[in-house]
Amino acid sequence: MQLLRTFLLRLATTAVTLFGVAVIVFFVIRVVPGNPIAMMLPPGATEADVAQLTALYGLDKSIPQQFLIWGAGVLQGDFGASITSRQPVLDLVLGRLPATLELSVMALVIAVALGGFMALTGTRLRGSKTEAAIDVGNGVALSVPDFLWGLVLILLFGVLVPVFHISGRVTPSLELPFSTNFYLFESVLRLRFDLWADIVGHMFMPALALAIPLAAIIGQLLKQSLKETMNLDYVTLARTKGYGENHVILSEALPNAILPTLTLVGVQFTFLIGGTVIIERLFSYEGLGNMAIDAVINRDLPLIQGIVILFAVIFTAVNLAVDLCYAALNPRLRHA
Amino acid sequence: MSFLSIRNLSAALKGRPEDRILRNVSLNVAAGEVRGLVGESGAGKSMIGKAILGTLPLSVEITGGQIILDGTDLLTLPPAQRRTRIGQICALIPQDPLTALNPSRRIGPQITNRLVDILHWSRADAEKRARDLLAEVHIPDPDRVMRSYPHELSGGMRQRILIASAFAAEPKLIVADEPTTALDVTVQKQILKLIAEMQARHGTAILFVTHDLGVVSKVCQSLSVLYAGKVLEDTTVRDFFAAPGHAYSRALLAATPKYTDPDGSLTPVPDAVIAATRAEVADADRMTHV
Ligand SMILES: Nc1ncnc2c1ncn2[C@@H]1O[C@H](COP(=O)(O)OP(=O)(O)O)[C@@H](O)[C@H]1O
Ligand SMILES: [Mg+2]
Chain C
1 MQLLRTFLLR
11 LATTAVTLFG
21 VAVIVFFVIR
31 VVPGNPIAMM
41 LPPGATEADV
51 AQLTALYGLD
61 KSIPQQFLIW
71 GAGVLQGDFG
81 ASITSRQPVL
91 DLVLGRLPAT
101 LELSVMALVI
111 AVALGGFMAL
121 TGTRLRGSKT
131 EAAIDVGNGV
141 ALSVPDFLWG
151 LVLILLFGVL
161 VPVFHISGRV
171 TPSLELPFST
181 NFYLFESVLR
191 LRFDLWADIV
201 GHMFMPALAL
211 AIPLAAIIGQ
221 LLKQSLKETM
231 NLDYVTLART
241 KGYGENHVIL
251 SEALPNAILP
261 TLTLVGVQFT
271 FLIGGTVIIE
281 RLFSYEGLGN
291 MAIDAVINRD
301 LPLIQGIVIL
311 FAVIFTAVNL
321 AVDLCYAALN
331 PRLRHA
Chain L
1001 MSFLSIRNLS
1011 AALKGRPEDR
1021 ILRNVSLNVA
1031 AGEVRGLVGE
1041 SGAGKSMIGK
1051 AILGTLPLSV
1061 EITGGQIILD
1071 GTDLLTLPPA
1081 QRRTRIGQIC
1091 ALIPQDPLTA
1101 LNPSRRIGPQ
1111 ITNRLVDILH
1121 WSRADAEKRA
1131 RDLLAEVHIP
1141 DPDRVMRSYP
1151 HELSGGMRQR
1161 ILIASAFAAE
1171 PKLIVADEPT
1181 TALDVTVQKQ
1191 ILKLIAEMQA
1201 RHGTAILFVT
1211 HDLGVVSKVC
1221 QSLSVLYAGK
1231 VLEDTTVRDF
1241 FAAPGHAYSR
1251 ALLAATPKYT
1261 DPDGSLTPVP
1271 DAVIAATRAE
1281 VADADRMTHV
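In order, the protein sequences belong to chains C and L. Its first residue numbered 1, the first sequence is counted upward by one per residue in the working numbering. Its first residue numbered 1001, the second sequence is counted upward by one per residue in the working numbering.
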């Protein structure tokens, strides 16, 4: 009962959030200067041509009217057609979504692995020079934003020691047998590890650039939380039972220290997804973010709307997933 | 030969040997004996217990002395060996039952983990042992309790579990660090009685840390009085209550409410006695430095 109420409330807030995002985006992109029709027509087009196209895309109506028409479509799963490519927005956006999801998830995995390793090493060697070095490293990682890490990585591993691809999602000359756009995932399923290696070679640097600041946050927060937990009585009690430092950290302290970190990681992960917009551009990675920038440049209004809504849906889903994880890991909530 | 023999143990803040926490502490606990360790808050009682069990905070280091447990000086053992040895023959009954159980783990594994991981019992044997012990500490429905999480149980219940867990591996020595201080007054008496009962049945030696002389008179045979990390007096409970040997002990005893008259007014330890005791400790410090 309690659970159902929480769920319904959650659903309602999500709907309100998405509606708010839709309204804001819809109005803002129509108020800022720049006209999609002018971008489409060749120089020398007549006034009549402009008027005809404007009417075709419904841009001659008032903004609230346009919103109602668009909103009615969306409720039926029709997000309109892209002005530049004339294809349905939904197809375009869903086509690009897998690329961005794979990149974000890979970045998250790298961030958790790196940050977790830092936190555990720092806790194991607390008070030592290694811990101090980890703190300094985390500080540096945090004070440089992801796109600058991207540039640094391009210079290091793309130019200086070219071990990774610096552009695209996959080498264009390769024959791709995939039936979905989840290339990374499908390459594993089809046991095509040659393709897998090529895809990872493209994804690794953008994913790492996205991951570094998040890894630093996880490292710092989890280490802090672990160190506090290590002083608690139940950890001391485990020590008197004959357990060594590694066991005490991993099985007594870690499960409890993770909880406060988890919520923040969820919030930070949504920032990471936001970061894909610039990073994808930097690495010419064919994902949603790159498409978003093109859409803005071309004033492709329906496409911008579709992408923004999709990002909003992803953010809400991430937050929901974090809450579920938190409940699953915390026995107090699990048995409430 | 005592089972535990602490000889001239000194401890200080790490890197600051002049900030002494334990001052040449010597103390013996015979097999099966219950020794009280009394003193006001901050005297270093818990530090002695932690030094024995190897759980001193990182900021405190041992600067000298021996902790001889069952014939071996623990301080000369390599850390891993020392840890296992402690786990095999010692146990701790902690002060605060609310924080001494891991909140994310069920009770059962928290009792059986030492038996399985350190003493290499079979899981079935360990679980049977845990169930028997929970029954022994008067917990109804041990099976249900073993499946519970700590937050589902009361403070008194949790302290019973911790006592059961301490006795689970039949240790030779238990350090009980103020095991009733954090509990309700009504529960305190039951828990004290339970510890005495378990001790008598298992014949375990206990180093009983407390600031309450009333508790000492009930469960201990001998006691050490600690002030500023120095042992002022080491005697039997009978002799102590008949005639305390140190002025500080006399004042401490006078400051304890009588059980015959629990509401009687408290006479705090007089300043003059404190000052004299401080001077004595400082003198002793000077002696060891020349
Ligand atoms: N974590 C710590 N680091 C450094 N000094 C400590 C720490 N905990 C306690 N001390 C110091 O050690 C002394 C003894 O403390 P403790 O043994 O806990 O006293 P008590 O007799 O009340 O158990 C106190 O003077 C206290 O200031
Ligand atoms: Mg204490």
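The set of hints was computed from the structure by calculation and includes no laboratory data. One should not assume that every hint holds.
Partial chain L-side listing against chain C, Cβ under 7 Å, derived [what the hints assert, rightly or not]:
no., residue
1, L1058
2, L1101
3, I1118
4, S1122
5, S1148
6, Y1149
For lysine to aspartate or glutamate, the following DMTMM-like pairs were computed, each having C-alpha atoms within a straight-line distance of at most 25 Å [stated by the list, open to error]:
no., chain 1, residue 1, chain 2, residue 2
7, L, K1189, C, E245
8, L, K1014, C, D323
9, L, K1014, L, E1033
10, L, K1014, C, E245
It should be emphasised that the depicted structure is a prediction, and the values quoted were computed from it without experimental measurement. Don't be surprised by glycine CBs; every beta carbon is placed ideally from N, CA and C.
Consistency of the hints with the structure:
no. : hint                : in the structure
1   : L1058               : holds (6 Å)
2   : L1101               : holds (6 Å)
3   : I1118               : holds (4 Å)
4   : S1122               : violated (18 Å)
5   : S1148               : violated (9 Å)
6   : Y1149               : holds (5 Å)
7   : K1189(L) - E245(C)  : violated (36 Å)
8   : K1014(L) - D323(C)  : violated (43 Å)
9   : K1014(L) - E1033(L) : violated (33 Å)
10  : K1014(L) - E245(C)  : holds (20 Å)
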